[in-house]
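Peer 1: Those sequence lines, one after another, are chains A and H.
Residue numbers for the first sequence, in my numbering: 1 to 480.
Residue numbers for the second sequence, in my numbering: 1 to 344.
Keep in mind the hints are simulated off the structure, nothing from the lab.
One should not assume that every hint holds.
The calculated BS3-like cross-link candidates involving lysine-lysine, where the alpha carbons are at most 27 Å apart (straight line), are [said to hold, decoys possible]:
#, chain 1, residue 1, chain 2, residue 2
1, A, Lys-450, H, Lys-2
2, A, Lys-175, A, Lys-78
3, A, Lys-148, A, Lys-115
4, A, Lys-450, H, Lys-115
5, H, Lys-2, A, Lys-28
6, H, Lys-3, A, Lys-28
7, A, Lys-28, A, Lys-79
8, H, Lys-277, H, Lys-242
9, A, Lys-100, A, Lys-79
10, A, Lys-79, A, Lys-148
11, A, Lys-450, H, Lys-100
12, H, Lys-115, H, Lys-100
13, H, Lys-277, H, Lys-299
14, H, Lys-284, H, Lys-115
Ranges of calculated distance between the beta carbons of each label pair, as one might list FRET restraints [to be verified]:
#, chain 1, residue 1, chain 2, residue 2, range
15, H, Pro-99, A, Ser-453, 47 to 53 Å
16, H, Val-244, A, Val-419, 30 to 36 Å
17, A, Leu-21, H, Arg-201, 22 to 28 Å
18, A, Leu-393, H, Val-280, 41 to 47 Å
19, H, Arg-201, A, Ala-52, 52 to 58 Å
20, A, Thr-370, H, Val-172, 42 to 48 Å
21, H, Gly-167, A, Val-419, 19 to 25 Å
22, A, Arg-182, H, Lys-3, 31 to 37 Å
23, A, Lys-361, H, Lys-10, 24 to 30 Å
24, H, Trp-227, A, Tyr-7, 42 to 48 Å
Note that beta-carbon positions come from the ideal geometry of N, C-alpha and C, so glycine has one too.
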Amino acid sequence: MTLNSIYFLPFMAGVLAVLFLVQILGTKVFKKESYPVAQKIIMLLCSFAFVACSSPWYLCILLGTIFFVYVWGRILEKKQKKGLLALGITVLVGELAYFKYTNFLIETLAACFKKDFVMLHILLPIGISFYIFTSIGYLVDVYRGEEKAEKNFVHLSLMICLFTKVLSGPIVRTKQFLPQMRSYRGLSSEGVLQGLQMFFVGLFKKIVLADHLSVFTDDVFFAPSAYGTGTMWLAVFSYALQIYFDFAGYSDMAIGATKMLGISLDANFNLPYVSKSPSEFWNRWHISLSAWLRDYLYIPLGGSRKGAWRVYGNLFLVMLISGLWHGAGLTFLVWGALHGLYSCLYKAVDMLSGRKLSRTKNGFLRVLLTGVNFFIVSLLWVFFRASSLPNALAVLQGCFSLQTGICQPYTWSFFAVLVLGIATMVACVRSRKKAESTLQGFCPCFDLRKMSSQILFFTFVGITMILGYFGNTAFIYGAF
Amino acid sequence: MKKVSIQILKLILSGCISLALLSLFCYFYNYTGRHVINEDGSTDYKWEANQYFSNMKEGFTWFRFDADGFNNPSDAAFTGEPVDILLLGSSHMEAVQIPKDQNTAVLLGTYFPEKHVYNLGVSSHTIFSCVQNLPAAVEKYKPTSYVILETDSIAFDVDAMRNSAGGVYPEVETVQSGTLYEVQKRIPAVKSLYKAYVDWRNVSAWHGSQIQFEGPAEPFIIPEEAWVEYEEVLRDFLGKAKAVMPASCQLLIFYHPGTLLDEAGEYHAPDTGRAGKLFVQVCKELDIIFVDLSEDFEKLYVRENILAHGFINGGVGIGHLNARGHQVIAEVLYKTILEREETR
C-alpha cells in the first residue's frame with residue numbers, strides 16, 4: 001500500500017477513528033490523561049501492520065533494525081566511544097549495502113572482469129534508505145550528546161517507522177521528532193483539518209501533474225531516437241517537473257498525514273526550481289536528505305573550513321554518495337558525480353568573481369542564474385531517469401542533434417508549467433508581503449470550519465479526482 | 001448537539017454546491033452523457049438524441065450527436081433517405097476524440113459528395129457486435145452501395161465468432177433506470193467521480209507495468225488441429241455478414257492495427273500470422289473487400305513521423321485513432337471504392 005493508493009484513505013480514516021475514540025474515552029469516560037500512550041502504541045501497531053502488508057519479511061528486518069538502534073543508542077550514551085559509533089554505523093550501512101548494492105556490486109565486478117554472473121534474489125525492503133539514515137542520524141546525535149538515548153521503545157520505533165513516512169521519508173531528525181513524542185497530546189481538530197488539506201494538495205501534485213507527465217516522459221525515454229529535438233527538450237523539462245511534483249507531492253501527503261496524527265514535520269521542498277545556484281537548489285530540494293548529508297557527512301568531513309580544494313573534494317564526495325543513495329546503478333553514480341562537478345564549478349566561479357554570483361542584487365542576473373540553474377539541473381535529471389548510460393546519452397544526443405521524429409507537444413507539460421508558475425508567483429507575492437528574506441513556498445490551508453472553505457476544498461478534491469491519471473505509476477522515490 | 005447539527009448541515013450544503021461546480025467543470029472538461037437501448041437493434045445501444053459531448057481526456061472535442069444518437073455531420077434524425085455507404089464499428093469510428101468534420105465517415109462523405117454516408121460507430125462495439133447487428137442495420141438503413149465494417153483485429157476468438165453468427169454474442173449493457181442512473185443523469189460530476197473512483201480502485205489493486213514495447217506481439221497461435229474448426233467458424237461468421245447484404249451492396253472490412261514503437265524507434269504492427277492469411281482468403285472467397293491499413297500506417301510513420309493513434313494529451317501512439325489516422329483510412333477507403341467502381 002502506498003500513500004496514493006485508494007486503500008490508504010480508509011486505512012488512514014480507520015486509524016484516525018480509533019485514535020479519536022481512544023481520546024474521547026480517555027478524556028470523557030476515564031478522565032485520565034494517559035490516552036496519548038495508548039494512541040502512540042496504536043500508531044506503532046498500525047505502522048507494523050502497514051509494513052507487514054508489503055511483506056512480513058520486511059517487518060522482521062525493520063524490527064531488527066529498531067532493536068539494534070535502541071540497544072546501540074543506550075550503549076553509546078553510556079560509553080561515548082568513537083569506535084562504538086563507527087561499529088553502529090557500519091552495521092546500519094552494511095544492512096543498507098547488502099539489500100541495495102549487492103547485485104550492483106556483482107554486476108559491476110562481473111563487467112570489470114568480463115565474467116558471467118547470477119543476480120542474487122534480494123528484495124529491497126520498503127523505506128530502508130530512509131529509516132537507515134534516520135537511525136544513523138539518531139546514533140550520531142546520541143554520540144555527540146545532542147540528544148539523550150531514547151528509553152521509550154515506542155517513541156524510537158515511531159521515529160523510525162511511523163507508517164505515514166516510512167515509505168519515502170522525510171528523513172526525520174531526532175531533535176525534531178522525539179520531543180514531540182514525549183509531549184504528545186493526541187489529535188487536534190486543527191491538525192486533522194490542516195493535514196487533510198496538505199494531503200490532498202500532495203495528491204493533486206502526484207496524480208494530476210506527476211502521473212500525467214510520466215506518460216509522456218516514459219514514452220520519450222523509452223525510444224529517444226523516435227522523437228524530434230523539440231519534443232526531446234520538452235520531455236527533459238517535463239521530467240524535471242515530474243520528479244518535482246512526484247516527490248514534493250509524496251512529501252506533502254506524508255507530512256499532511258503525519259500532521260493529522262498530531263505530529264509536525266518540516267517541509268521537504270521549498271520551490272527548488274527558483275534556485276540561483278546548486279547549493280540553493282539542495283537547500284530547497286529534498287531538504288531532509290540535504291540537511292542530513294550536510295550535518296552528518298559534509299560538516300564532519302571538514303565542510304568549507306579546510307581550504308578550497310578540500311571544499312571541492314567534500315562537495316564532490318557528498319554529491320557522489322547522494323547519487324549512490326538514490327539508487328544502485330551507474331546512472332545514479334554519474335548523476336551524483338555531475339552534480340558534484342557542477343557544485344564545485346559554481347563555487348569556483350563564485351569565489352573567483354568575489355562572490356558576485358551568490359550575492360548579486362541585480363534582478364536580471366538573478367533571473368538569468370535561475371534559468372541557467374534550472375537548465376543544468378534538468379539536463380542532469382536525464383541521467384537520473386535514464387534506464388542506462390547509453391539511454392541517457394541517446395536522450396542528450398536527441399536534444400542537441402536537431403534530429404527529426406515524432407512531434408508531441410504534450411499538453412500536460414504546459415499545464416504543469418502553468419500550475420508551477422502560478423504557485424511561484426503567489427509565493428513571491430506572499431513572501432514580499434511578509435517581508436521574508438528568501439522566497440518561501442507554502443501549502444494553502446483554509447479554515448475548514450467556514451462554509452466557503454469547505455466548498456473550495458470539496459471542489460478541489462473533486463477536480464483532483466476528475467483530472468487524476470489512474471495508470472500504474474508508483475512514486476519515483478518509492479524505489480529508493 | 002445543535003452546533004453539531006449545524007456543522008453537518010453546512011457540510012451537506014457545501015458538498016451540494018461543490019457538486020454543482022464540479023458538474024459545470026465536467027460539462028466543459030469531460031461530459032459523456034448517457035446511452036439508451038437502441039430499439040431497432042442496429043447497434044447494442046445509442047446515445048440520447050442530440051446528446052452533448054465534451055472530451056478533453058483524449059483529444060479535445062465538444063459536439064452533439066445526431067438526433068438518433070450517432071456521430072454524423074447533421075444534427076437531424078435519420079430521414080429514411082437511402083444510405084449509400086453504411087459504416088459500422090467501434091469507438092474508433094464513433095470518433096469522439098476528434099472534431100466532427102475529421103472522422104472517416106465525414107471525410108468519405110466529402111470525397112464522395114454524391115453519396116450519403118452514415119456512421120453507426122459506437123464505443124464498446126466489436127466486429128462481433130457489428131456482424132450480429134448487421135441484419136437490423138441493413139433493414140433500417142437500406143444501404144445501396146457499401147457496408148463498411150471496422151476492426152482492429154483479424155485474429156479472432158472462435159467462440160466470439162460462433163456466438164456472433166448465432167446471434168447470441170453478449171450485448172453492451174445499458175442501464176436506463178434506477179437511482180444511480182437518475183443521479184448520473186442530473187448531476188454530471190457524479191459519473192466522472194464514480195469513473196475516477198473505479199479507475200483508482202483498479203489501479204490500486206494492479207501491479208502491472210506501463211504499456212510499452214516488449215517485442216513484437218505474439219502471433220495468434222492455436223493448436224494445429226483447431227485450425228480446421230477455426231476456418232469453418234470464420235467462414236460461417238463472415239458468411240453471415242455477407243448473406244444479409246442487399247444485392248447491389250458490397251461488404252468491405254478494413255483492419256487498422258494498433259502500433260507500438262520499439263526502443264530503436266522502429267514501428268511494429270501485430271503479427272496476425274496464419275489467422276490473418278486465413279481471414280484474407282475467406283474474404284476473397286466470399287467476395288468481401290478486405291483493406292489492411294498496416295502498411296499505410298507504417299508509411300505514415302516512416303515518411304511523416306506521425307502515428308495513426310494517440311493524442312497530444314495522452315500516450316504516444318496509444319489509444320484511439322487520431323485525425324491523421326482517420327484521414328489515412330478515409331483516403332485508402334476512397335481509393336479502394338474508386339478502383340472498384342472503375343473496374344465495374
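Peer 1: Now tell me if each hint is right for this structure.
Peer 2: Verification of the supplied hints:
no.	hint	in the structure
1	A:Lys-450 with H:Lys-2	holds, 17 Å
2	A:Lys-175 with A:Lys-78	holds, 19 Å
3	A:Lys-148 with A:Lys-115	violated, 50 Å
4	A:Lys-450 with H:Lys-115	violated, 62 Å
5	H:Lys-2 with A:Lys-28	holds, 20 Å
6	H:Lys-3 with A:Lys-28	holds, 19 Å
7	A:Lys-28 with A:Lys-79	violated, 45 Å
8	H:Lys-277 with H:Lys-242	holds, 19 Å
9	A:Lys-100 with A:Lys-79	violated, 31 Å
10	A:Lys-79 with A:Lys-148	holds, 13 Å
11	A:Lys-450 with H:Lys-100	violated, 45 Å
12	H:Lys-115 with H:Lys-100	holds, 18 Å
13	H:Lys-277 with H:Lys-299	holds, 21 Å
14	H:Lys-284 with H:Lys-115	holds, 26 Å
15	H:Pro-99 with A:Ser-453: 47 to 53 Å	violated, 40 Å
16	H:Val-244 with A:Val-419: 30 to 36 Å	violated, 54 Å
17	A:Leu-21 with H:Arg-201: 22 to 28 Å	holds, 27 Å
18	A:Leu-393 with H:Val-280: 41 to 47 Å	holds, 44 Å
19	H:Arg-201 with A:Ala-52: 52 to 58 Å	violated, 22 Å
20	A:Thr-370 with H:Val-172: 42 to 48 Å	violated, 54 Å
21	H:Gly-167 with A:Val-419: 19 to 25 Å	violated, 52 Å
22	A:Arg-182 with H:Lys-3: 31 to 37 Å	holds, 34 Å
23	A:Lys-361 with H:Lys-10: 24 to 30 Å	violated, 49 Å
24	H:Trp-227 with A:Tyr-7: 42 to 48 Å	holds, 46 Å
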